[in-house]
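Colleague: The opening position of the sequence shown corresponds to residue 1 in the UniProt record's numbering, with each subsequent residue numbered one higher.
What the hints contain is simulated information worked out from the structure, not anything from laboratory work.
Fair warning: there could be bad hints in the mix.
No farther apart than 16 Å at their CA atoms in a straight line, the calculated lysine to aspartate or glutamate pairs in the EDC-like style are these [as the list claims (entries may be wrong)]:
id, residue 1, residue 2
1, K371, D300
2, K366, D300
3, K366, E449
4, K114, D237
5, K114, D29
6, K27, E147
7, K446, D363
8, K114, E25
9, K446, D372
10, K171, E147
11, K436, D363
12, K436, D300
13, K171, D237
14, K436, E449
Since the structure is predicted, the reported quantities are computational estimates derived from the model, not experimental observations.
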Amino acid sequence: MIGLLATLTFTVPLIGGLLLFKLDERKADAVMLGSFIAAMLLQFGVLTEYLLQYDHETVHLAYITTERLGEAYGIIIDPMSVLIGTVVALAGFIFMFYGMEYMSERNVGHPAGKGRGLFYAWMTLFEGATLGFIYSSTFLGLLIFFELMGLACWGVVSYYNTPAGRRAGFKAFIIPNVGAMIGFYTAIGIGITQLHDLSLFSLSHISDSAKPWLFLALLIAGYTKSAQFPTYSWIPDAMEAPTPASAFLHGAAMVEMGVYLVARVLQFIGPLPTWIFYFMATMVSLTLLIPILNYPVQNDAKRLLAYSTVAEAGIMFVGLTFATLGLEAGLKAAMFQLTTHAFVKGLAFLTAGTFTYSLGTLDMRKIRGLKDLLPINALAWSVALLGLAGLPPMAIAFSKAELLTGLDALKVTPLAWLPVLMVLADSAVFLWVGVKWITWNIFGRKSVERASTHPIITASLITLIVLVLVVPYLTYPIVHGIGFFGGGH
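Between the sequences and the hints, there should be enough to build the whole structure, so can you do that?
Modeller: Next up, the structure:
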């Protein structure tokens, strides 16, 4: 039963997305919202059955097997896929519930109405592809859903059909696609020619000499998807997308799935040579330097948040850097950071979207007096920016603490200090910039005489504020069950 529920979780939105290409306006609203609600309820069904009946066991279902390819397609249901699937399904529903109003004619900055069915189609496909990727147990399945995510990302980023949007959409598709060609084609080639099995479980049979090189190929795919150095430039440009799409691809989908891919591979491939640790520690430190230098010069709210996404994904990769040494604490910390970041970043983007919706601008220099104009939005903006800086009691404070207190890697190599210090530096600089913009945006003389909002938008923001405060307590027991499939400690 749990296998059927997990499969329906991603097939329902995939079917809904295809239907939406032919629909618009109220019919599109109904099918889109129905698809996201169905995916969320099905995922809650998976979560409930898994917790009640399986107690952190691994459920592996091979759907398609052949003599030459071994397992060609199947699914894995384990603490990691159940946790991240629940995050994606819940966050996706909240973002698109908000999106119904954001994509209306009442949006001051981007009045829509007609034509939103196309946006809904791409977003619903995006949701289905992301959930399919999470549950896939083979490299062929991962490749298919990886590419479908990229296609959907292109669709939403270029949705407004402006020259900048078309360029950004092309860039957001091409860069991760190059990573996919390097990583997945290498893995599938080895699976076909040497292992005769495309399953992730076959990674344990790869020779020790080949393991680090296969991992590096897949790491490139993860880096391109997660906008890590030196392939980060597509993510600030992707801000051309409507804000609900930005929230999804930054908070719960595209960027996070690069991290998820590398975490999945590490679960099966086991501890790697120490030079892999050195390589990843250097790359993640360079990645974290990029947003540290860019935060102070950003005036556009969404571009500021885009650079914070580069950093937050980098912090997840810090955890995975420790995991290459066989440290389960790093794997757990990375997935905990992914979970908490989804809701904090979603709140940040949806609040930035209200600037467009209510005030017609994302230029933070032009936004003042939010406490009088839009008090709930002012609270949400404060919680989001302080949350991204890692201040308690917001969710990211707990996942960063989980990472920074699990420093067994320091016993292995002094270089482990470098990414840790970069995480602290990123938090300090973002806190400084965040407090500056909170003070400017919320207080002072109102930038406009009045601004209107909508109950759907207010309800979405309040829901995310609550989740930002409670998610660490709800999810940590599942995070604790995440580990390696053999090896590690």
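Colleague: K366 and E449 were given as a pair; does the straight-line alpha-carbon distance stay at or below 16 Å?
Modeller: Cα-Cα ~13 Å, so holds.
Colleague: For K171 and E147, compute the direct alpha-carbon distance and say whether it is at most 16 Å.
Modeller: holds (14 Å)
Colleague: So if I understand the rule, the pair passes when the alpha-carbon distance is 16 Å or less; does K436 with D300 pass?
Modeller: This hinted pair holds, its Cα atoms lying about 14 Å apart.
Colleague: Would the hint linking K446 and D363 be met if the CA-CA limit is 16 Å?
Modeller: Holds - the C-alpha atoms of D363 and K446 are around 15 Å apart, at most 16 Å.
Colleague: Below or equal to 16 Å on CA atoms is what counts here, so check K436 against D363.
Modeller: holds (14 Å)
Colleague: Are K114 and D237 close enough, with their CA atoms no more than 16 Å apart?
Modeller: violated (25 Å)
Colleague: Would you check the hint for K27 and E147, treating anything up to 16 Å between C-alpha atoms as holding?
Modeller: violated (28 Å)
Colleague: Next pair to validate is K114 with E25; report whether the Cα-Cα distance is within 16 Å.
Modeller: Roughly 6 Å between the alpha carbons, so the hint for K114 and E25 holds.
Colleague: Is K446 close enough to D372, meaning Cα to Cα at most 16 Å?
Modeller: holds (7 Å)
Colleague: Take a quick look at whether K114 and D29 sit within 16 Å of each other, Cα to Cα.
Modeller: The hint holds at about 11 Å.
Colleague: Does E449 sit within 16 Å of K436, going by the straight-line distance between their CA atoms?
Modeller: violated (23 Å)
Colleague: So if I understand the rule, the pair passes when the alpha-carbon distance is 16 Å or less; does K366 with D300 pass?
Modeller: holds (10 Å)
Violated hints, listed in ascending order, are 1, 4, 6 and 14; each of the other numbered hints is respected by the structure.
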